Structure formats: C-alpha cells, structure tokens
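Peer 1: Build out the structure end to end from the sequences listed, making use of the hints.
In terms of mature numbering (1 follows the signal peptide of the UniProt record, and there is no 0), the sequence shown is residues -21 to -1, 1 to 461.
Some clues are possibly wrong.
What the hints assert, rightly or not - Straight-line C-alpha distance at most 20 Å; calculated EDC-like pairs for lysine to aspartate or glutamate: (1) Lys451 to Asp414; (2) Lys356 to Asp211; (3) Lys356 to Asp96; (4) Lys374 to Asp404.
As the list claims (entries may be wrong) - Ranges between beta-carbon positions, derived for each pair: (5) Glu43 to Gly240: 43 to 53 Å; (6) Lys408 to Glu439: 16 to 26 Å; (7) Ile242 to Val78: 22 to 32 Å; (8) Pro80 to Val116: 18 to 28 Å; (9) Val116 to Asp343: 53 to 63 Å; (10) Ser274 to Glu209: 38 to 48 Å; (11) Thr182 to Ser274: 31 to 41 Å; (12) Asp323 to Asp213: 15 to 25 Å; (13) Pro345 to Asp381: 16 to 26 Å; (14) Asp343 to Thr195: 44 to 54 Å; (15) Ala450 to Thr259: 52 to 62 Å; (16) Asp213 to Ile242: 50 to 60 Å.
By construction, these hints were calculated from the structure, which means they are not laboratory data. Keep in mind that this is a model prediction, so the values were computed, not measured. All C-beta atoms in this analysis are idealised placements derived from N, C-alpha and C, irrespective of residue type, glycine included.
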Amino acid sequence: MRTLFCAINLFFFCAIFSLQAQNAPDCRTAIPVCADAPIMGTADGNGDIDDFDPDVIRQTGCLEKGSVSSANIENNTSWYVFRAGTDGQIGFNIEALPVTPGGIVTSEWDFALYGPDSDCAGISDGTAQPIRCNYEVNDTDFTGIGINPDNGQIGAPNVTGSQNTYDEYIDVVAGEIYYLLINNFNTNFDGDAESFELTFTGTSVNANQDTALDCTLRDEFLGLDIIACEGDPDIVLTALNSPAGSDIANIEWSVDYDDDGTIDDILTGTGVFGSELVVTSPNSGRYFVTITTASGTPPTVIDNGGILITFFAVPVLQEVIVLEDLITSDDPDSYNVEIVVDGDGSYEYAINGGDFQDDPIFLDVPPGINTVIINDKNGCGATEPIEFVVVGYPKFFTPNGDGIHDNWNVLGIDQLIDPSIFIFDRYGKLLKQLDETTLGWDGTFNGTDLPSSDYWFRIEYERDEQTAIVAKTVRNHFSLVR
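Peer 2: Put into structure tokens, the structure is as follows:
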C-alpha cells in the first residue's frame, strides 16, 4: 500500500516537516515512531507486498478479508513500530482527517497491534495474532486504545456490533517492541489521499511523553533489521525520515555485504537527493546512509548505524549425517541422524511425516528409507520430502503371507560394499546366506517353515570410511513371529 508520511522533528525543536516521504506499507519496513508529538499519516493506494496472503489468511484478530475474491485484510494501510521506553500504560488515538481542509471525512480507520514478541514473519503467516484490534464501524472520527476523546467511551475487547471503536490500554515493559497496522476500511483506488493523525496516550505518556516510548528507535530511521525471502519484491529504504528532515545537502548510501565491519560498495540512490535506495533480492547486507545537513547545524552528519537486510531462500539439504546406525553404534538397535542444511537461516525439521522440531538431530530413526522436510521459519518455503537411508535391520518379521514383513533383510544393504549376511538358529546352525541381490529370508529352511523364535545373524561387509575401505563384522539377533 502506498502512503505518505509527515515526519516529526524533535531533534532540535518540535515541528512538523513540510517535506513528505513514502510511509511504510509493509510490516518489515515499519516506520519507527515516538510518543513526543502527533504523527500525521496519509494513505493513498495499495502496497507492494501483502503482509497477509489473501489466498491463505482470511482473518487476523478482528481484521477480516472481505467477501470479494480480490479483497484483502489490508485495504489501505500504514505500518509503524515503537519501543517502550518505560514500564507503564500505553494507548493511542487514531483520528480520521478530511481529505481537504474543512472537507468531509471519507476514511474509516481500523487497527491491529502486535507484540511484544511478534515479528513480521509471524505476523504475515498468521501465527502471531494482534493483542489489540478494532474493526468496528466508526460513529466518531476516532479509533484506538484507551478512551475515545470524542465521546468518552472506554476501551474494551472488540465485539462485533458494539459500536465501540476503542480497545483496552496495554501494560508495557521498557524495551518491548510493538508493531501497529493502521488500516482504512473504506478503500479507495482513485488516488485521492486520505489522512489520519496518530497520538499516543496513557499514564506513561502523561508522566513524560519524551521517555514513554524509546525515541532512540527513531534514529534507526531506515527501520529495524529486515528478513526477506529470495524473489520478494524490492525493498525501498528512505532517508527522509531522519532527524534532518528536509535539511539535506547530500546523501550517501553504502553497504557491507558480509556484515563484517568493512564497507564493500558505495551505492547510488534515487529520488530527491538520492534519498531512496532500492534493495533487490538476493542482495543481503548491512545498508548505511549518511546525511549531510544543509544548514550545518550540529550534528552536520547523521548516520543511522545501518539496517541489516537478509534474504533467505528455500532450504537446501547439504547432507544427512548418520550419527549411529547398525554399523557405527555400540547399540545396534539405536539409529540417530543429524540433518545439515546448506545455509544460515532459521529452520525446523520433520521426518517421516511427523511434527516439526527445531533440533536437527533425530533419535530412534527407523532403518531403511526415511524422508525429511526442512522448513524455513522465516516463511521462505520448505523442501519437498527428501529421502535418506539408514542402514539397519527390523527387530522382527512375520512370514504369514499377508505381504507385510514377510521377509527379513538388512535395510539399506545397498549402501554397503560386498555385504554377506549369514542367518543362524540359536545353536549356530547356518540357515541362510543373503547378499545385496536377494529379497531376504522368508523364515524357511530347505522348504520347511521354521518356528517362532529368536534367530541370529552376522554381517560381513566393507564400507568406505573417509577414503579407507574398512572391513566390518556385525552380530545380533531378531525374532521370527508366526
């Protein structure tokens, strides 16, 4: 969604800049704000990225996707982010403003507030739900958290049809970060801008509006670090939300691609003074902007300290390390594996259709062919099921002709070099010899069914271990069940 933002300059004095810049249409580029003065926002169109996939998410908190197939939860939105500066109570008022001075109000603003532990990945996939939300029809020009200044209505949890456009205050702890979505339900696509004013309230703000929210967050005017997916739309960074405002003589962009403290390149911005930088996938790195003021008023140079942008791709399996199997374990009944991914993302893993887990090590993996799925927790996709083999043997078999466990063999035998398997009864009599070409033992000797009992086996084989072929012998037992 395309919106305009009028920044607040309290670096030297409290004033509203006349220079407007592109507001943040997307959660991951939410604009850092403070409580020390009202914030003027203007929305006039759709965004580049749907934070809520309209084909997947129909509702988040009280915000709902419309009945029109092309509709979305986001209609005409702005994203902000703030960090609590003190412990206490925080609220805010969102006032709908007329399109022209003295004109009528055509917008109807709703909101959803996420935090304190939410991130944009969790918000966009619906796993993070808003802690405060309001989607009610506005009979006044106000919505928000706390008390409606127009009619004195006290905030309460959202109830459809209540005609209360206010939710309850939040109790915050210093350092907590919250994301605020402000959404215009009365969507217009005609390009006519619709405005609102955001003002913070609550006991923390009443005590000291300069410390209620951490105003140093606003110095990170490029936004918080961004996690994106390869192939995502371009990310546009803007320098116009800096404390310099319109007092600009020069803007220089740079990037440290490896985030190792060394600048790798000087980049060219677009727009007035080169104030915008377009970052395309998959150019991960820490991006910096240095602004030289025109007036020379200290500080003459403003540097935001950089914003780290990381593009993640669909995970790629590097290898499956068999930590313990029939061959490597002191306990041949224990098969443990570790999943190794080519990449440094945040992943979760599932084998054989089971639940996902964060730990890449799996215990008691069944012998034979298994499957693993690797999911990127940043929402950048998952692999298809990938097969891997654990060399092992079944602890029992049931040769009853039902087609299930009718034969016994070492699973993954084709991973061994020159294997030979010898099967014995409890007295040491050789009953059957197998190799990698045979289907297995059917529980007979000279055409006669053998009884239910434990039987022993020995495997002789070679295996390539770090370029050396090492001869191995494994002995153990299994059960024939009839």
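Peer 1: Okay, serine 274 versus glutamate 209 on CB: inside 38 to 48 Å?
Peer 2: At roughly 42 Å between Cβ atoms, glutamate 209 and serine 274 fall inside 38 to 48 Å, so the hint holds.
Peer 1: Confirm or reject the claim that glutamate 43 and glycine 240 have a C-beta distance inside 43 to 53 Å.
Peer 2: holds (46 Å)
Peer 1: Starting from the range 52 to 62 Å, see whether the pair alanine 450 and threonine 259 falls in it by beta-carbon distance.
Peer 2: Since alanine 450 and threonine 259 have Cβ atoms about 55 Å apart, the given range 52 to 62 Å holds.
Peer 1: Taking 50 to 60 Å as the hint, is the beta-carbon distance of aspartate 213 and isoleucine 242 inside that range?
Peer 2: About 22 Å separates the Cβ atoms of aspartate 213 and isoleucine 242, which means 50 to 60 Å is violated.
Peer 1: Given the proposed pairing of lysine 356 with aspartate 211, does the C-alpha separation stay at or below 20 Å?
Peer 2: holds (16 Å)
Peer 1: If I claimed the Cβ atoms of proline 80 and valine 116 lie 18 to 28 Å apart, would that claim hold in this structure?
Peer 2: holds (25 Å)
Peer 1: Does the alpha-carbon distance linking lysine 451 and aspartate 414 stay inside the 20 Å limit?
Peer 2: Answer holds: lysine 451 to aspartate 414 is near 15 Å, not above 20 Å.
Peer 1: With respect to the beta-carbon atoms only, verify the hint that threonine 182 and serine 274 lie 31 to 41 Å apart.
Peer 2: With Cβ atoms ~38 Å apart, the hint holds.
Peer 1: Quickly compare the C-alpha distance for lysine 374 and aspartate 404 to 20 Å and report which way the hint goes.
Peer 2: With a Cα-Cα distance of about 15 Å, the restraint between lysine 374 and aspartate 404 holds, given a limit of 20 Å.
Peer 1: Holds or violated: 22 to 32 Å for the Cβ distance of isoleucine 242 and valine 78?
Peer 2: With a Cβ separation near 44 Å, isoleucine 242 and valine 78 fall outside 22 to 32 Å, so the hint is violated.
Peer 1: Check the following: the C-beta atoms of valine 116 and aspartate 343 are separated by a distance inside 53 to 63 Å.
Peer 2: Cβ of valine 116 to Cβ of aspartate 343: about 56 Å, so the range 53 to 63 Å holds.
Peer 1: Run the distance test for lysine 356 versus aspartate 96: straight-line Cα separation, threshold 20 Å.
Peer 2: holds (15 Å)
Comparing the model with each numbered hint stated earlier shows that hints 7 and 16 do not hold.
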